[in-house]
Amino acid sequence: MTQVADKIESTAPRAAHYSATAASPRGDVPAWMASMRAAAADRFDSVGFPATTDEEWRNTNVSPITKTRFSPAPTEISHAAGELADRYRFGGDAIELIFVNGRLAPRLASQPRLPAGVRIASLAASIESDSALIRSALGKHATIDSSPFVALNTAFVADGAFVHIAAGAELNRPIHLLFISTTGEKPSVCHPRVLVIADQNVQASLVETYVGPAGTYFTNAVTEIVLGDNSRMDHCKFQQEGADALHMSATNVHLARSATFISHSVTLGGLLTRNDLAVCLAGDGAEATLNGLVVAANHQHVDNHIFLDHAATNCPSHEIYKHVLADKSTGVFKGKILVRPGAQKTDAKQTSKSLLLSDDATMHSQPALEIYADDVKCTHGSTIGPVDDELVFYLQSRGISKAAAHHLLTYAFAADITRRIRVEPVRKRVEDFLARQHDLPLDFRITETGTHDEKSR
Amino acid sequence: MSLLEISNLHARVAAPGGRDILKGVNLTINAGEVHAIMGKNGSGKSTLAQVLAGRETYEVTDGTVLYDGRDLLELSAEERAREGIFLAFQYPVEIPGVSTRYFLKAAVDAVRKHRGLSELDSAEFLDIVRQKMALLKIDHSFISRAVNEGFSGGEKKRNEIFQMAVMDPRLALMDETDSGLDIDALKIVANGASTLRAPDRAILVVTHYQRLLNYIVPDVVHVMMDGRIVKSGDKSLALQLEEKGYDWIEKEVAASTAALA
Numbered sequence: 001m002t003q004v005a006d007k008i009e010s011t012a013p014r015a016a017h018y019s020a021t022a023a024s025p026r027g028d029v030p031a032w033m034a035s036m037r038a039a040a041a042d043r044f045d046s047v048g049f050p051a052t053t054d055e056e057w058r059n060t061n062v063s064p065i066t067k068t069r070f071s072p073a074p075t076e077i078s079h080a081a082g083e084l085a086d087r088y089r090f091g092g093d094a095i096e097l098i099f100v101n102g103r104l105a106p107r108l109a110s111q112p113r114l115p116a117g118v119r120i121a122s123l124a125a126s127i128e129s130d131s132a133l134i135r136s137a138l139g140k141h142a143t144i145d146s147s148p149f150v151a152l153n154t155a156f157v158a159d160g161a162f163v164h165i166a167a168g169a170e171l172n173r174p175i176h177l178l179f180i181s182t183t184g185e186k187p188s189v190c191h192p193r194v195l196v197i198a199d200q201n202v203q204a205s206l207v208e209t210y211v212g213p214a215g216t217y218f219t220n221a222v223t224e225i226v227l228g229d230n231s232r233m234d235h236c237k238f239q240q241e242g243a244d245a246l247h248m249s250a251t252n253v254h255l256a257r258s259a260t261f262i263s264h265s266v267t268l269g270g271l272l273t274r275n276d277l278a279v280c281l282a283g284d285g286a287e288a289t290l291n292g293l294v295v296a297a298n299h300q301h302v303d304n305h306i307f308l309d310h311a312a313t314n315c316p317s318h319e320i321y322k323h324v325l326a327d328k329s330t331g332v333f334k335g336k337i338l339v340r341p342g343a344q345k346t347d348a349k350q351t352s353k354s355l356l357l358s359d360d361a362t363m364h365s366q367p368a369l370e371i372y373a374d375d376v377k378c379t380h381g382s383t384i385g386p387v388d389d390e391l392v393f394y395l396q397s398r399g400i401s402k403a404a405a406h407h408l409l410t411y412a413f414a415a416d417i418t419r420r421i422r423v424e425p426v427r428k429r430v431e432d433f434l435a436r437q438h439d440l441p442l443d444f445r446i447t448e449t450g451t452h453d454e455k456s457r
Numbered sequence: 001m002s003l004l005e006i007s008n009l010h011a012r013v014a015a016p017g018g019r020d021i022l023k024g025v026n027l028t029i030n031a032g033e034v035h036a037i038m039g040k041n042g043s044g045k046s047t048l049a050q051v052l053a054g055r056e057t058y059e060v061t062d063g064t065v066l067y068d069g070r071d072l073l074e075l076s077a078e079e080r081a082r083e084g085i086f087l088a089f090q091y092p093v094e095i096p097g098v099s100t101r102y103f104l105k106a107a108v109d110a111v112r113k114h115r116g117l118s119e120l121d122s123a124e125f126l127d128i129v130r131q132k133m134a135l136l137k138i139d140h141s142f143i144s145r146a147v148n149e150g151f152s153g154g155e156k157k158r159n160e161i162f163q164m165a166v167m168d169p170r171l172a173l174m175d176e177t178d179s180g181l182d183i184d185a186l187k188i189v190a191n192g193a194s195t196l197r198a199p200d201r202a203i204l205v206v207t208h209y210q211r212l213l214n215y216i217v218p219d220v221v222h223v224m225m226d227g228r229i230v231k232s233g234d235k236s237l238a239l240q241l242e243e244k245g246y247d248w249i250e251k252e253v254a255a256s257t258a259a260l261a
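These protein sequence lines map, in sequence, to chains A and B. Just so we're aligned, residue 1 is where the first sequence starts under the numbering used here, counting upward by one. Just so we're aligned, residue 1 is where the second sequence starts under the numbering used here, counting upward by one.
It should be emphasised that the hints constitute simulated quantities derived from the structure, not laboratory data. A couple of the hints might just be wrong.
[What the hints assert, rightly or not] The list that follows gives simulated cross-link-like pairs (lysine-lysine, DSBU-like), each with its CA atoms no further than 30 Å apart: (1) A:LYS349 - A:LYS402; (2) B:LYS23 - B:LYS40; (3) A:LYS402 - B:LYS23; (4) A:LYS353 - B:LYS105; (5) B:LYS137 - B:LYS235; (6) B:LYS40 - B:LYS187; (7) B:LYS244 - A:LYS402; (8) B:LYS231 - B:LYS23; (9) A:LYS402 - B:LYS113; (10) A:LYS349 - B:LYS156; (11) A:LYS402 - B:LYS156; (12) A:LYS402 - A:LYS140; (13) A:LYS428 - B:LYS105; (14) B:LYS235 - B:LYS105; (15) A:LYS428 - A:LYS353; (16) B:LYS231 - A:LYS353; (17) B:LYS231 - B:LYS251.
[Said to hold, decoys possible] Sample of chain A residues at the chain B side, in silico, Cβ under 8 Å: (18) ASP45; (19) LEU391; (20) GLN396; (21) GLY399.
Note that this is a predicted model, so its numbers are computed, not measured. Cβ atoms here follow ideal geometry from the backbone N, Cα and C, with glycine treated the same way.
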């Protein structure tokens, strides 16, 4: 590490500058993993960070990352980390793993008791015991050429979470992976990694939470989820990083025959966020529901890139992403749907709705449909605008003040996503956040029931 | 003192170069009375209702409106509602994500707070709501649903009158409440509205058609044309309009204008 220059040339960044550990990556990993890291580092060194001239990064400038010199994140578990753990843990019957700067912190959570056929542990601890399984999937779905940030993460893959649910295993408790960042005197970096493999006929709920303190730090997370035949996963990604945090994430999901993936991505924190969610419907009859909520203010920038790969027949997909943008915040939504040749009876529906609470807020919303099959249904719709004056007047005409009407309508706009979240602790956390933001009582629930349309999902 | 006194009211669309719509409306309504305003599309009758309710898309350029002796035009839309003015919308909006229960409770509490009363507790509120739901033959599930979301035209109009019943206004403005209703829905809505007739309440019904007035029999019928009230009479005027249309009034107005010239 001694050769690292004080000033990093943004034109030629090297993976080695972004190590999450002070020491070079641990040597005691299998040879396949060592070569995987090396290939990833080479890949990153050759492509570097994306520029806004790159179509996929047109609206997201990563210069806050390229212009910062990062140090490895502190290894000790600070008092601040403990406080964040207390604040964000689910408790109750959840199966929880708590990570600090990408590394499992066993003392922050009790060792979960797991049903037969279920393995939930740190990646580092599983590499030996589950080497063949991990090797078969790690880096196969989030590939190093998919994004420079995935390459960078892979160059340092060492720890993170490994979840394996064997065929037919019963798991009726949510799995919560809580990633806490801490930061020292200098900006720090970590590369959390998650690998989830569910065999056939499994039902599971998995939540990834990303939180951290004030101060600049960089979280570069990669998650791979592989679902076997007839398996179903409720997935939530809840991000409430610190106000100065830089958060890049890639989530790649692979669905076999008749598998179901339901995703709720909620972004509340961070200065610069990019979420890449790529879902491959690889088996006939697989189904994906991808919903997202972004609530941003100040100078926050949040970019959600969704890629739905319809690669099999009879696959429905539903996407609703909503942005609530205040102050000078910026939202980006790109929803790509690829219907491959032969993916007949695809039924894909994409909706992007954005509420601009200030004249200075900006939203970029772009659908991208590529359809190579002829018997398919694909629809998309996008709306961007301020709170509807007509709705405000309706509420005012019933005695509700203009300010309260704006709060209520903004809450309701966002609640359309939150009420779909099935993992109770996540739904409650987001609802409480919104209620506080909009001066509503914490026990406030906007509707007791959804519409029929939503019940069916 | 009259409950509502409108003098020489002029209003236009609040936008650069906005069209003049109200061109000198004069109208006085006393508590206990029901007035109907009839007129063709574009005559300004819906605009009048919205201006009275405080819609900011219209700008009052001249004239005065006294409500209970006070300058109504100084008040914001929500203050007017809290002072007892209720507008039943021609096109009620859908508010996905807001339950009718929460919405109505917030509305009733806002009015009560304004009047120096405490907020209703849930039981008291539900008592009132149940009573009014029965009046309009509304199903109980109604209040758990998002406001107007996925409602038919008839359900939306029924919801307006239901809200009106719960809010207990002093001046109710019904903007084309009959439009888009089939005869059965019309009966329920109109009968519900007519039960709200009370000595301390005035109702202003804006409508195209006479049929609603079979149920809510007006004390006075006004005809609006090009932003003015051009003729007023008793309920028989509505029947005359139903029978003969508006042409004869247009001719009458043209003749009297010519005579003045």
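| Which numbered hints are broken by the structure, listed smallest first? | Hint check: 1, 7, 12, 14, 16, 18 fail, others pass.
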